[in-house]
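Chemist: The lines below spell out each chain.
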Amino acid sequence: MMPEPTADRTEPRISVSDVSKTYRSRSGAVRALSDVQLRVEDREFFCIVGPSGCGKSTLLRLLGGLLDSDEGTIEIRTGDADRPTTNMVFQEYGIFPWKSVIDNVAFGLKMQGVPREERYETARRYIGKVDLDGFEESYPHQLSGGMKQRVGIARAFANDPEVFLMDEPFGALDAQTKGFLVEELLELWNESTKTVVYVTHDIEEAIRLGDRIGVMSARPGRIKEVIDVDLERPRGRTEIPLERLDRLEERIWSSLSGEVERSMHGQS
Amino acid sequence: MYVRRLLLNVAPIVSGLLLWELLARLALITPQFFPPPTVVLDAAYTEIVHGEMLYHFGVSLRRIILAFAIGASTGVVAGLLMGWSRQVRLVLNPYVGLLYPVPKITLLPISFALFGVTETARVVTMSLAVFLLVSVSTMGGVRAIDDVYIDAAIDNGAGTIDLYREVLLPGALSQTVSGLSLGFGIGFILIVVIEMVAADAGLGYVIWNSWQLFTIPRLYVALMLINVIGIVFVYGIEAAGDYLTPWEGQ
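Chains as they are written, first to last, in the numbering used here: chain A, 1 to 268; chain B, 1 to 250.
No wet-lab data here; the hints were simulated from the structure.
Be a bit skeptical, because a hint or two may be false.
To be verified - Chain A is faced by these chain B residues, among others (derived, beta-carbon under 10 Å):
no.	residue
1	Ala-144
2	Val-148
3	Gly-159
4	Pro-170
Claimed, not checked - Computed far set for chain A versus chain B, every beta-carbon distance over 12 Å:
no.	residue
5	Arg-39
6	Asn-87
7	Met-88
8	Asp-103
9	Gly-113
10	Gly-128
11	Lys-178
12	Arg-233
13	Leu-245
14	His-265
Even glycine gets a Cβ: it sits at the ideal position worked out from N, Cα and C.
Using the sequences and the hints given, assemble the complete structure.
Modeler: Structure below.
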């Protein structure tokens, strides 16, 4: 099924208006986000690309409630009160080294007060979905980077939030592992049909995953442009005509390159 | 394999004891100060079965267990709080920082002034040593926890209590265990010295008393029992640490 925003879903899942965020420290203030406007539809896979240091992660953390904005409003439409509104997948995995795989996957459910047997059952199901059967009792130090992130993804899906927030979840992985996990993630998302906000600096990855791609400006970051990814799914290498892919990539890159340049100069 | 390792460990000790026995019997070392092991063994039997050695052993053991339990539990709690809460750290850290480098034995007279020359004073002084080492290590452990674990816990709905139980305590645990080892080491020295200078019971008392009365074999028996306590605690803490932190790789 194609999770295209349709007429009956006029109300967005996420609306961000005029959001600004400044980090203050002893060495001064850094304006990370400035006047961010963003609208993410229900069941949409929304990717955010931007130059490094543009505040992508900050925006995601604001959406996740791990940070508070200085100005503006963030609204996330919630349905079921029993379910968490958002859940994050971190680039550094964020799975606890002191917990076994199953306890990591079941952690959010435990925090929600789900009884042990029930949460283990759910956790086992998602451990199976990310192909980690047999690793339930393993500890993270026994797993590879890709396996660790599958634990992180399984935890997020086991939590069953309204919105997944993914902060460069595959950023630390090698290309092969990354390609494989992108597929796996798409499969899970197809099953759940949830809203995803996915931050990456990899344009190709954003094109393979996103319904729409938001391009962020250099710091202070804002959503500069939103680009529709008018490609059918699945979008494997064989399925997408290369020229369409190239055209999209070029379009995004042309929007992004000026910002990357600005951010490089800003940093030096 | 296991037997062979055991033999490898035991052989040097046994041969050392044999050499000692020989040297003492031949009077190549002064037997008055270094009685042959067989004489010590004989004294051990007499002192333990007919004498008061077990009583002194019990007195020392009670002090150590009490002081260790008090120091360790308060140390873990204080360390977690100091590690997590800036306010608690601001209040407690100056005291900890001031007391930490002090040779704890110098606090004994103050402890006696506060509590009288009592068991309380002895136990409190030792537990203070354990407390300081455990709290400082635990605080360091908490502060070294990567922010992403805190974020992940909060993002998954953890409240404050959950955060302490699910993240801060296990995240700092290996540091806490090294604090327990260090704390025991220092506390153990402390309690033996306290017994030597200011007690009329306990193994430290027996050692000093034996030295003064020149009952040297009795001194060695007490030494042996102190060693037993030391071995049990040192390796016990290590084993408990391994058991409690199965996620620490080899």
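Chemist: All the hints need checking, so say for each whether the structure fits it.
Modeler: Right, here's what the structure says about each hint:
At its closest, the beta carbon of Ala-144(B) sits 12 Å from a beta carbon of chain A; the interface hint therefore is violated under the 10 Å criterion. A distance limit of 10 Å between C-beta atoms decides the matter here; for Val-148(B) the minimum to chain A is near 5 Å, and the interface restraint holds. The criterion of a C-beta within 10 Å of any C-beta in chain A is met by Gly-159(B), whose closest approach is roughly 8 Å, and the hint holds. Because the smallest distance between the Cβ of Pro-170(B) and any Cβ of chain A comes to about 4 Å, under 10 Å, the interface hint for this residue holds.
The Cβ of Arg-39(A) sits about 23 Å from the closest Cβ of chain B, beyond the 12 Å cut-off, so the non-interface label holds. Chain B draws Asn-87(A) into its interface by the beta-carbon criterion, the shortest separation being 6 Å against a cut-off of 12 Å. Residue placement check: Met-88(A) does not keep its beta carbon more than 12 Å from all beta carbons of chain B (closest about 5 Å). Look at Asp-103(A): its CB is around 9 Å from the nearest CB on chain B, not clear of 12 Å, so calling it non-interface is violated.
The beta carbon of Gly-113(A) is not kept farther than 12 Å from every beta carbon of chain B, the shortest such distance being approximately 9 Å. Annotated as non-interface, Gly-128(A) keeps its C-beta farther than 12 Å from every C-beta of chain B; the closest such distance is 21 Å. In this structure Lys-178(A) is separated from chain B by more than 12 Å, as the shortest Cβ-Cβ distance comes to about 19 Å. Non-interface call for Arg-233(A) relative to chain B: holds, since the shortest CB-CB distance, roughly 28 Å, exceeds 12 Å.
In this structure Leu-245(A) is separated from chain B by more than 12 Å, as the shortest Cβ-Cβ distance comes to about 33 Å. Its beta-carbon lying about 29 Å from the closest one in chain B, His-265(A) satisfies the requirement of being farther than 12 Å from that chain.
Violated hints, listed in ascending order, are 1, 6, 7, 8 and 9; each of the other numbered hints is respected by the structure.
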